[in-house]
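Novice: Given next are the chains, with one letter for each unit.
There are 2 protein chains.
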Amino acid sequence: MSNELKIGIAGLGNVGVGVVKILARQGELLSRRSGTKLTISAVSARNRNADRGIDITPYEWCDDAIDLARRDDVDVVIELIGGEDGPARALVETALSNGKHVVTANKALIARHGESLAKLAESKGLALNYEAAVAGGIPIIKALREGLAANQFSRVYGILNGTCNYILTEMEETGRDFDDVLVEAQQLGYAEADPAFDVDGVDAAHKLAILTSVAYGCPVNFDAIHVEGIREISAIDIAYAAKLGYRIKLLGLTSKGENGIEQRVHPCLVPQKTPIAKVDGVFNAVVADGDFVDRTVFEGRGAGEGPTASAVLADIVDIARGTILPTFSIPVDEMKSQPTASMLDHFGAYYMRLNVLDVAGVIADISAILRDEEVSIESLLQQGRKPGEAVPVVLITHECREASMMRVVDAIEALEVTQERPRLIRMENFE
Amino acid sequence: MSNELKIGIAGLGNVGVGVVKILARQGELLSRRSGTKLTISAVSARNRNADRGIDITPYEWCDDAIDLARRDDVDVVIELIGGEDGPARALVETALSNGKHVVTANKALIARHGESLAKLAESKGLALNYEAAVAGGIPIIKALREGLAANQFSRVYGILNGTCNYILTEMEETGRDFDDVLVEAQQLGYAEADPAFDVDGVDAAHKLAILTSVAYGCPVNFDAIHVEGIREISAIDIAYAAKLGYRIKLLGLTSKGENGIEQRVHPCLVPQKTPIAKVDGVFNAVVADGDFVDRTVFEGRGAGEGPTASAVLADIVDIARGTILPTFSIPVDEMKSQPTASMLDHFGAYYMRLNVLDVAGVIADISAILRDEEVSIESLLQQGRKPGEAVPVVLITHECREASMMRVVDAIEALEVTQERPRLIRMENFE
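Sequence order for the protein chains is D and H.
For the first sequence, the tail end lands on 476 under the numbering used here, and the numbers increase by one without skipping.
For the second sequence, the tail end lands on 476 under the numbering used here, and the numbers increase by one without skipping.
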């Protein structure tokens with residue numbers, strides 16, 4: 046084997062350690078598969094002497110990660126520092142400027158600066174690969190960019206955050222509330238000490254921005270995403286959803302319609318029978334609906350040392366095999382910005398839970414509000430009677446405009462019998 | 046765009062028509078994605094004047110498909126003739142010999158002659174792509190060869206035949222028997238007039254042989270596969286399986302163990318909660334268990350005009366982008382034959398349904414036979430009592446050697462109280 050690909054790794058957290066482990070255990074297999082000897086030349090991390098369970102003494106050490114981008118014995122830099130700016134961005138820019146390929150697991154960096162970095166990579170004929178940035182070990186970027194390349198996508202959606210999916214699954218299985226399950230997830234290492242990034246939907250939104258760009262050939266546009274997290278999902282909503290034949294999942298969805306691209310991350314009622322509803326715990330899944338291939342589903346672990354390192358090394362194998370593709374499938378110079386569809390124009394069904402006094406005429410008042418906004422009811426659930434006291438009323442609407450539903454919520458909140466602002470959760474039937 | 050890739054299509058059945066339709070509808074998009082203009086130069090089919098709903102007059106016509114392999118205006122031949130020998134094989138060999146890339150949906154051809162064809166392709170630096178041959182629109186070959194390339198696979202398995210999955214799903218949902226549902230499947234176009242190829246497991250076995258080669262880097266070895274179809278699955282077994290928390294699926298499974306490679310296609314009880322159990326109707330799914338990525342699941346349509354044509358064109362886009370990889374991931378010259386594990390050494394759990402006279406001591410006799418073969422029982426189901434008459438007894442074993450179970454079946458069949466040969470179905474728990 047005459048070819049060799051020399052690797053520099055920046056960041057030796059669990060993913061970096063996973064990369065080193067895979068190359069140690071099956072570097073020879075990867076070399077046979079790629080026709081190229083894969084060698085780690087140099088590494089960098091915050092702390093040289095941390096106990097990582099691997100021996101890094103065979104590799105050159107760089108105190109400053111950016112030095113990896115300047116070494117003659119590095120052909121490709123693996124960026125595992127994280128963060129959308131700062132040293133990660135500087136490293137990637139310097140590496141590409143210096144003619145090094147880049148592989149990264151950094152979703153924030155690609156979601157925020159993907160366009161300019163792709164432009165730089167493409168101008169130099171270099172790879173900027175980021176399979177590990179979206180849905181961990183699932184090769185979804187490759188699927189959209191290559192395996193499903195013959196298709197236009199009506200929509201791409203998925204469970205993109207394992208922490209949220211774990212919490213929602215646990216809430217459903219145990220009937221416990223969000224705060225309670227979050228603490229447990231933190232103890233188990235499934236949630237960070239500061240969980241905001243995950244549970245507020247930001248992490249899923251970073252991934253969605255990238256999927257949108259690959260699927261629709263438009264520049265990444267993170268700021269166009271409507272983002273809601275799962276903090277306000279309560280056990281009672283999960284229970285009602287189950288009664289109605291649904292489960293609640295945090296989804297990232299991107300679709301292209303008359304009004305442009307609609308990107309949204311929010312909790313969603315999905316029918317129990319649909320594939321995405323059956324994805325439990327820390328697993329991720331992405332569904333791509335192509336005009337010729339129809340529905341395809343990709344499921345696997347969305348995080349963790351092994352799965353993420355597996356994705357990083359798939360990117361390395363591609364480079365070793367000489368597969369250097371435009372970052373987002375279509376070269377940046379040929380990409381076209383697309384209009385952003387306003388969420389007020391979103392058209393879909395809604396689950397709404399009201400807390401109202403059980404007095405004569407209350408359902409008539411609510412029905413009148415819905416009628417005035419031309420929102421029709423598919424089903425209504427009112428269990429038990431407590432005359433004069435507060436009772437929950439749950440209803441599901443037919444498809445309608447989001448703007449109408451927002452006015453419905455305001456109007457119902459203003460009723461004298463209403464005890465708190467109605468809780469609204471969007472639904473997707475995926476038919 | 047200066048590059049052009051000129052295509053010749055042999056076979057204008059539904060997949061060929063799908064390929065023409067995709068290029069007509071979104072050829073411009075595919076050209077942007079691949080950086081190459083994709084053009085159909087010539088086509089060939091049995092009947093020039095068949096009504097296909099597409100206009101083929103813009104393309105050169107070849108009465109004999111093999112002429113496509115000799116044309117100067119063809120860079121890549123798409124072989125959609127089918128059949129493991131005859132004109133399909135001749136066309137592919139001639140095309141490769143003449144320096145043309147080949148894309149095929151022909152699973153029988155690759156399963157039977159993959160090694161020699163790959164050798165020819167690799168010697169010429171040509172692509173021999175066959176994504177459409179396995180699991181239709183699901184990009185599973187790409188996933189194993191590229192997206193999961195960093196992994197060793199403990200096993201790869203899946204629902205590889207949509208006809209069988211449709212029949213089993215219908216049998217379960219309606220309680221009807223095989224023959225009845227088969228007729229309906231034929232009327233709906235989900236099963237061929239001669240269904241043997243599908244329902245006897247041959248089609249799934251062709252696909253499994255290919256998956257094995259890609260996953261384990263060994264030459265395709267179709268003859269090593271243990272193949273059983275679904276004709277003997279009865280409604281009663283499906284009902285008992287459901288009662289025990291399982292569904293019956295026709296699976297293709299390949300795994301690598303101490304005894305070598307074990308390839309098998311047979312009906313299987315799988316726990317209702319496992320992802321593969323939830324794949325219904327004509328959908329296919331493949332699960333790859335990698336040592337670093339863990340479990341990954343790929344689901345989509347396994348057949349049909351659009352999905353299969355989508356896979357064919359993904360292969361074309363790869364060629365247009367210059368991605369020419371060894372046919373089975375590792376070059377044929379570096380592949381190593383692996384020993385075949387005997388089915389008698391298969392180690393697993395079994396479902397067994399007996400039809401025995403309800404007389405004193407029958408369970409004791411059966412238990413003694415199992416004990417003598419060191420097969421232990423996980424659960425036993427005997428519903429109702431009909432003294433002196435035949436009753437079904439269903440039992441599930443713990444894991445044991447297949448050779449032991451075969452002796453158990455023989456011994457139970459020989460008992461005087463036994464009314465018919467015990468029905469045995471293998472189980473997989475996928476833990």
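Please note that the accuracy of each hint is not assured.
Said to hold, decoys possible - Distance ranges between label pairs, derived from CB positions:
hint: 1; chain 1: H; residue 1: 91; chain 2: D; residue 2: 385; range: 28 to 34 Å
hint: 2; chain 1: H; residue 1: 422; chain 2: D; residue 2: 219; range: 47 to 53 Å
hint: 3; chain 1: H; residue 1: 388; chain 2: D; residue 2: 199; range: 43 to 49 Å
hint: 4; chain 1: H; residue 1: 219; chain 2: D; residue 2: 423; range: 48 to 54 Å
hint: 5; chain 1: H; residue 1: 474; chain 2: D; residue 2: 219; range: 32 to 38 Å
hint: 6; chain 1: D; residue 1: 326; chain 2: H; residue 2: 455; range: 40 to 46 Å
hint: 7; chain 1: D; residue 1: 199; chain 2: H; residue 2: 474; range: 33 to 39 Å
hint: 8; chain 1: H; residue 1: 474; chain 2: D; residue 2: 279; range: 34 to 40 Å
hint: 9; chain 1: D; residue 1: 466; chain 2: H; residue 2: 421; range: 40 to 46 Å
hint: 10; chain 1: D; residue 1: 279; chain 2: H; residue 2: 417; range: 40 to 46 Å
hint: 11; chain 1: D; residue 1: 97; chain 2: H; residue 2: 417; range: 39 to 45 Å
Said to hold, decoys possible - Partner residues are not named here, just some residues of chain H that face chain D (Cβ under 8 Å, in silico):
hint: 12; residue: 358
hint: 13; residue: 434
hint: 14; residue: 437
Derived by calculation from the structure, the hints in this document are not laboratory data.
All values derive from a computational prediction rather than experimental measurement.
We put the CB at the ideal spot given by N, CA and C, even for glycine.
Novice: Between residue 97 (chain D) and residue 417 (chain H), does the beta-carbon spacing fit 39 to 45 Å?
Specialist: The hint (39 to 45 Å, Cβ to Cβ) is violated, given that residue 97 (chain D) and residue 417 (chain H) are roughly 53 Å apart.
Novice: Per the hint of 28 to 34 Å, is the separation of the Cβ atoms of residue 91 (chain H) and residue 385 (chain D) within bounds?
Specialist: violated, 50 Å
Novice: Taking 48 to 54 Å as the hint, is the beta-carbon distance of residue 219 (chain H) and residue 423 (chain D) inside that range?
Specialist: Given a distance of about 28 Å, which is not inside 48 to 54 Å, the answer is violated.
Novice: Let me know if the C-beta of residue 358 (chain H) comes in closer than 8 Å to any C-beta of chain D, holds or violated.
Specialist: Cβ of residue 358 (chain H) sits 4 Å from chain D, so the hint holds.
Novice: Please check whether residue 279 (chain D) and residue 417 (chain H) have a Cβ separation lying inside 40 to 46 Å.
Specialist: violated, 58 Å
Novice: Closer than 8 Å between Cβ atoms is the bar; does residue 434 (chain H) clear it against chain D? Give me holds or violated.
Specialist: This hint is violated: residue 434 (chain H) lies away from chain D, its Cβ roughly 40 Å from the closest one there, beyond 8 Å.
Novice: Mind checking the hinted window 43 to 49 Å against the Cβ distance between residue 388 (chain H) and residue 199 (chain D)?
Specialist: holds, 45 Å
Novice: Using the C-beta atoms of residue 326 (chain D) and residue 455 (chain H), is the stated range 40 to 46 Å upheld?
Specialist: holds, 43 Å
Novice: Min Cβ distance, residue 437 (chain H) to chain D: is it shorter than 8 Å?
Specialist: violated, 31 Å
Novice: Assuming the hint says 47 to 53 Å, is it satisfied by the Cβ distance from residue 422 (chain H) to residue 219 (chain D) or not?
Specialist: violated, 33 Å
Novice: Does the Cβ distance between residue 474 (chain H) and residue 219 (chain D) fall inside 32 to 38 Å?
Specialist: Violated, at about 24 Å.
Novice: A range of 40 to 46 Å was offered for this pair. Does it hold for the Cβ distance of residue 466 (chain D) and residue 421 (chain H)?
Specialist: With Cβ atoms ~59 Å apart, the hint is violated.
The earlier numbered hints that this structure contradicts are 1, 2, 4, 5, 9, 10, 11, 13, 14.
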